[in-house]
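S.K.: This is what each chain is made of:
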Amino acid sequence: MKAAQVHTLRRRQARRHTLLLVGLFTAVLAMMAMRVLLGQYTVTIPDFFRILGGERIPGATFIVMQDKLPRALLGAAAGLAFGIAGALFRSVLRNPLASPDVLGINAGAAAGAVTAMYFLGAAGTGLAWAALAGGIAAACLIAAVSTSLGAGTGRSGIVGERFLLAGIGVAALAQAVVMGLMTRLSTQNAQTAAVWTAGSLNSSTWDRLTLVAAVLVLAVPLAVLVQRSLQPAGLGTELAVGLGSRPGVAQAGALGLGVALAAVATAATGPLAFVALLSTPIAAALHGGKISVLASGAVGALIVVAADMVGAEMLGEARLPAGVITGAIGAPVMLWLLVQLRRGKQS
Amino acid sequence: MSTALRMTPWVALAVAVVLTITATAASLFWGSRTIEPSTVTSVLLRVPGILMGQDSGASAEMDTAVVLARIPRTLTAIVVGAALAVAGAGMQGISRNPLGDPGLLGLSAGAAAGVVLGLGWLGIHTSWQIAVAALAGSTLAALLVFGISQAGGGAPTPIGLTLSGAAVNAGFVAVTSAVVLTNQAVLERFRYWNVGSASRSETTDLLTTAPLIALGILLVLLGASGLNAMALGDELAHGLGVNLGLQRTAVFVGVVILAGAATAVAGPIAFVGLLIPHAIRRIVGGDYRWIITLSLLLGPSLLLIADTLGRVVAPPQEIYVGITTVVLGVPVLLVLLRRRKGMAL
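Line by line, the protein sequences give chains A and B.
With my numbering, the residue at position 152 of the first sequence is 195, and numbering never jumps.
With my numbering, the residue at position 278 of the second sequence is 491, and numbering never jumps.
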């Protein structure tokens, strides 16, 4: 193949990637618009812009500014964070099931938040910081256990099987902490409880949105950069080192970034099940099998906003938190993924 | 050498018997409420009379009521502990996989989802109906986890099976939450159905599930010699003339029944089935006949100790046994990971 041909091929791929991203983010915007404008309380488009412009329409202003708009924005932001975190974990750990939600990062963040709520009476932004600390603690625990274990045998460090197993153990532990403290908290309101056990957008506030948005602004460019530097590692560690890349640093960076994103998103919305896990393979399927951080984030945002729309507006009296919807829809998709994984190994 | 191998299991058995009796006594004598040992003894001595119908069991004293409430709880821990430990041993045997545990692999969560769906949507309420719903759930979960992990042919890797289990588990937990959150009646009764507890069950639940658990244990015991042959690998086992298909099916059905019945009584409890068989393997080696026999004693011991700890750690509140077993179990899982030898079967 001539150099020119390779060049055109690359350009065509890049163009397809851009097109995919444009398409996905348009879909996210459309979904958010549906979430804000439609539903049991509909808002007309001119009214929406008048509200945004600062005009006070009795009733509508409150519903849009305090409920619908922050919900849609926070859902998209958290979904983006979960999706990117999932893509980063997948790029490093090379196992479609190794996502932050399976490995206990989300559960760790939820455990941090509930612990702070129970022992320190934390609320609002303090809760978010506690969740971040919990997610990071879970990740450190997993990393410490798996690297210290790997050292003795000379087996791979953070990338090995032990990372996954330790992650599952930590997830079980963190869930036990959440459940244990939840039974002590006198939360009469089951919806409040659902935020930390399943994940929900019911308590979306502008404060939480600001936090997630600030982290996203910093993390998205970093994630794209880190993922690009990981690509040589996809050829295998030895070849990657031979090509002059330092996979260890990039891998650790990618995992750290993924942990921060998943923890912050969990702080805002609770551990939304399967979002990180599902968005990456869906995005990869749309992108010809290749992992794309941004596409994965967009799919994550789409999933969360859609799940919230379904749970809050489309089930009549039964208002389910978004995390329950993502869990229920995610389970069969996940099983399909497992079968695909086995098929791929066989062929 | 051979005498050492023959002796050790018997010594281990004696130790296990003593441990089980001690743990049972601890569960009866200790609790979130401090009661004089002599009071406990006098109340326990009245139990035969109460069972025979000569003693009404009524008492104005709070202490008596508390002790009487500890009895079904202790029995629950014994039955459920035995069921889970044997289920774990059977599962590790048929999958030749060190991480077999009904809780970790989602069988318990499947059973819990079955119960909650039945309560919320089908209006079931008797102990039998609950047990059937739990069995249906654990069967579905087991078929999903093992079916999918074996879809590509060949034995699944420990990590593959565990990840499938974690995923199936998460799916069923989501289903359970969905039902619990939308149904006020179920919410009131089973708000914490995602955590295991020894104190939730009523005596009728226990009486219904105890025969089921006995059946499950029997099935796993029937397959025990087959498990020993399977540990050598399928080809060698065929060479020995062992009918693997039949025995594997017996153990599989037994494990599913045990996981479902245990969950119907106590909710999902993880790690008992993982820890106990591994500990026994360390002590007496890999003979499944001994592993299962000792599991019958050590599973109850672990659950009794975990439940008693949960009661005395922060009185007057209690920590559910489903949480204490995880807190006790995760460090052991991590130690198991540390020793590659411990991971191999």
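By construction, these hints were calculated from the structure, which means they are not laboratory data.
Keep in mind that this is a model prediction, so the values were computed, not measured.
The reader is advised that the hints may include incorrect statements.
Pairwise CB distance ranges, derived in the manner of DEER restraints [as the list claims (entries may be wrong)]:
hint	chain 1	residue 1	chain 2	residue 2	range
1	B	245	A	90	33 to 41 Å
2	B	530	A	110	30 to 38 Å
3	B	246	A	187	35 to 43 Å
From chain B, some residues computed to sit far from chain A (all C-beta separations above 10 Å) [what the hints assert, rightly or not]:
hint	residue
4	265
5	276
6	341
7	395
8	434
9	462
10	502
11	503
12	522
13	532
14	533
15	546
Note that the Cβ used here is the ideal one computed from N, Cα and C, for glycine as well.
S.K.: Going through the earlier hints one by one, which of them does the structure break, listed in rising order?
M.R.: Going through the list in order, the structure violates hints 1, 7, 13, 14 and 15 and respects the others.
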